[in-house]
Structure formats: C-alpha cells, structure tokens
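Protein chains in written order, with my numbering: chain A, 1 to 278; chain B, 1 to 155.
If you are wondering where the hints come from, they were derived from the structure by calculation, not from laboratory data.
For every residue, glycine included, the Cβ atom is placed at its ideal position computed from N, Cα and C.
You may find that some hints are simply not true.
Quick partial rundown of chain B residues pointing at chain A, CB under 10 Å, derived from the structure [said to hold, decoys possible]: (1) 46; (2) 49; (3) 51; (4) 60; (5) 71; (6) 73; (7) 99; (8) 103; (9) 142; (10) 143; (11) 146; (12) 149.
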Amino acid sequence: MTVLPANPMSPRPFRILKVVRELSDTFTLLLQPETGGAFSFRPGQFNMLYVFGAGEVPISISGEPAEDRQLVHTIRSVGPVTQALGRLKAGDVVGVRGPFGTPWPVEDAFGDDLAIIAGGVGLAPLRPAIYQALANRPRFGKLIIMYGARTPQDILFRKELEKWRSRFDVNVHVTVDHATGQWAGRVGVVTKVVAKAGFDPLHTTALVCGPEVMMRYAVEALEERGVAASKVHVSMERNMKCGVGLCGHCQWGPHFVCRDGPVFRFSDVAALFPVREL
Amino acid sequence: MVQIEGLGRIIDEHPFFRGIDGKFRSLLVGCAANERLDAGQYLFRQGGHADKFYLVRAGSLQLEVHAPGRTIVVDTVDEGEIVGWSWLVEPYRWTFDARAVTLLRLVSFDAKCLRGKMEADAELGYEVLRRFVPVIGQRLAATRLRLIDIYGPGE
Ligand SMILES: Cc1cc2nc3c(=O)[nH]c(=O)nc-3n(C[C@H](O)[C@H](O)[C@H](O)COP(=O)(O)OP(=O)(O)OC[C@H]3O[C@@H](n4cnc5c(N)ncnc54)[C@H](O)[C@@H]3O)c2cc1C
Ligand code: FES
C-alpha cells in the first residue's frame, strides 16, 4: 500500500525543462515543479499528466529515483492526449498528480538474481528499477536485462543499454522482431532470450513490463524455466480517471490497477492473465 | 577413434541431444563431423541442396531472406541450438541463407547418411523426430508472436 500525496486530486504545475526525442513516436519530458518542494517516488509508480485543453493520462516515471528535483516521463504518442503531450515544448507547463500506485519490489529481490524483461516502451517504467538495482548492485546475484523491440530503430534508451552492456556486472540482451542485414544484433522474440538467459530459476526475481501479449509469453517462459509465479512481477495498463481508487475506471477483476497496481505479483493476477495458444 | 569419442561427447552435451541413449549416439556419430566457419561466411544459401543439419556449439548465426534491394534477417540462432530441418523433407532445399555473425563451431550431420539410418532403424528415426518437433513448434510460436506485431500501436 502506498502513501498518497497530500492532495491527490489537484494537479501540481510542472514546467518542461527539456524534451528529448527518443524515437519517431516516443519522447521524454524533463520536468521541474513550479511550486512546492522536491518530488520523490518509487520505481514503477506513475503520475497522471494533465495537458490543458486535451486531458489527463497515466504515465510511469522513467527517471532516476534518487533525483528528487527533476521528474522524468517517457511517452509514446498513441492518441489525443499523448499526442498533445508530444507537441509541448521546453517552457510549457503540465499538471501532475501523483505519484500513484505500487512500486517494483527491487529491495525484496536483494539476494536473488534480478531478471528485468521489457518490451517496447515498457523499458521506460522499468528504467527507475534498473537505476535502483545498479545503485545496489552488490546486493544482487546476476543482473540481467532482456529487452525486445520491433526493429533496431525502435530501441528505446539505446545509448544507456549500450552503457549498461559495457559493464562487467550486468548482462544486457537486446532482440528485435524485424531487421535488415545491417543489424548485427539478435533477431527473435524476447521470450527466447528468457529461455536461454543464465539466471538461477530458484533464486530469481523477475520484473516484466511491455505489451500484455509479450508479458504473457515472457511469464510463461519464466515459469518454464522454473521461476515461481510469486517471484514474477508485472506492470499493468488500464484506462484511468481518478488514479486513486475512487472511480472504478481501471477495474481489472477484483483489482483497481491504479491503487492495487500497476505493479502486481503475477501469482495474485495469474487467473486474469490467461495464456491462450497462439 | 579419438575424433569419434570427442564427437560422441559433444553430441551428448549439446542440449538438442542431451540424454540420448548410447546406442543412438553411436549411430549419430557415424554421420557427424566437426566444422567451423568464420564470421560473415555463409553456412548455406537459399535454394541450395539441404544435405546437412547442424548443432551450433559456439557462436551465433543469422537466417536471412533476400528481397529486391534488401536483406531481411528472419532469426538468430545461437550456441545450444540447431540449424536446419530442410534435410528432413523433400525436395531438401534450404529456404533461407544462414550467415555466421561470429566465429561458429558446429557439428554437422550428413543428411543422406542420417536419413538412411533413420529409415533402417525406426526407433532412431522416432528419437530424432521427437527432438525436432518441439524445436519446430517453438519456432512456429515465435513466428506467430512476431506476426502479431506485439510492439505496434494498440493491441
Ligand atoms: C499505470 C500506467 C502507466 C503508463 N505508463 C506509460 C508510459 O510510461 N509511457 C507511455 O507512453 N504510456 C504509458 N501508459 C499508457 C498511456 O496512459 C496511454 O497510452 C494513454 O492513456 C493514451 O491516451 P491518449 O489519449 O493519447 O490515447 P487514447 O485515445 O486513449 O488511445 C489511442 C489509441 O491508442 C491505444 N492505446 C491506448 N493505450 C495504449 C497503450 N498503453 N499501449 C498501446 N496502445 C494504447 C488505444 O487502444 C487507441 O487505439 C501507461 C498507462 C498506465 C495505466
Ligand atoms: S482510475 Fe479511478 S479507480 Fe482507478
């Protein structure tokens, strides 16, 4: 259970310091509070971002949890509100409510191998957990990051992935679904990487974020390797309105994703997550 | 003899044949050879005669298809996996190019030799096919997953 901010329903103005174009349809906003003090959050939590005249959407925080003066969000433009966010420039103001929701249980994984599995823009909600894991690197066994994207051009945070890969104490596996001959990296689904990654299944905590279909198959690959469903955590997305468990908009089975999630222990939601045969 | 013992051990340790009965292993060794290929070289080309199949011992390779003006990479195959099942079904032609991404170490099996032994010994035939079917199933599931375009806009 997380502690809600003082006034969860009223947005706080944040000014855009910088917009970073990550991919053709994805960008990162660096924000600073106009009023009030520092902004702290836990990896996996999200904010409701309000664009004046367009509406409000839930977006995970993608920045460094130890940094409390700057708020970072990475957003993919898919519809009216995210497109409106994409049109904003440095100096513009957005309304922010949050942080809301359950965090990635990074600290509970101390002593285990940590397997981080991301697909597409799903790497953004996991990036704060990666920062936290790197800051506590000696407390884990293996740290394995497995990332799948559509094509080499769709690889999010590519420079950072390269930087992490160059460390001796992190294993980074990147795979794409489609590539041409210029790509020397791996082609294939991320679930295949899961099947082959060298973690110890009995002592592994897995954090999974990406499109639902990808998560289903990634969890299946983890279970096939022998990782217990209680040690697998997934981040869910549902449409939201209030963000604080009042309106019921984000109901998923018996859960409200905004309040009981977005990060769920897989064993708690497995029944809502049927694996259909492809 | 040393070479054959070495091959038997390699076959035993490779995930594809792990746990195989000793009597089948000796039959397999008779059709097997060690091979290596430098990065960038082609193991086989699309349309070519599929006269072998391979266990990848070390390194990785890409399966590629050529379309006018571009090469599309279809899959990556790594250490611990196998390449090729075109040798199993007529007309025994490769359907992809296979290019080494890194230095490759492989065990190849002569298709004619192996098919002959599988026909003569139905138990061996069943054992080999039993190991191929899940690999084909996994690759089919992976292909379908990619057809869904899971990272595309909206689900
Ligand atoms: C807890 C939580 C955290 C999230 N974190 C992020 C994040 O860090 N970055 C980010 O870019 N998005 C994130 N999202 C998704 C984001 O909230 C939606 O993309 C957004 O609400 C879409 O609003 P819209 O008005 O732009 O488009 P809408 O009009 O709501 O949707 C437009 C089209 O996009 C499709 N769509 C809607 N949501 C998604 C989605 N999640 N994925 C793919 N297609 C979708 C719809 O089916 C529709 O076809 C998160 C969602 C939740 C619940
Ligand atoms: S968004 Fe209102 S209950 Fe979750």
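So, going through the hints one by one against the coordinates:
no. : hint : result
1   : 46   : 14 Å, violated
2   : 49   : 24 Å, violated
3   : 51   : 25 Å, violated
4   : 60   : 8 Å, holds
5   : 71   : 3 Å, holds
6   : 73   : 4 Å, holds
7   : 99   : 8 Å, holds
8   : 103  : 14 Å, violated
9   : 142  : 5 Å, holds
10  : 143  : 9 Å, holds
11  : 146  : 5 Å, holds
12  : 149  : 7 Å, holds
Comparing the model with each earlier hint shows violations of hints 1, 2, 3 and 8; every other hint is respected.
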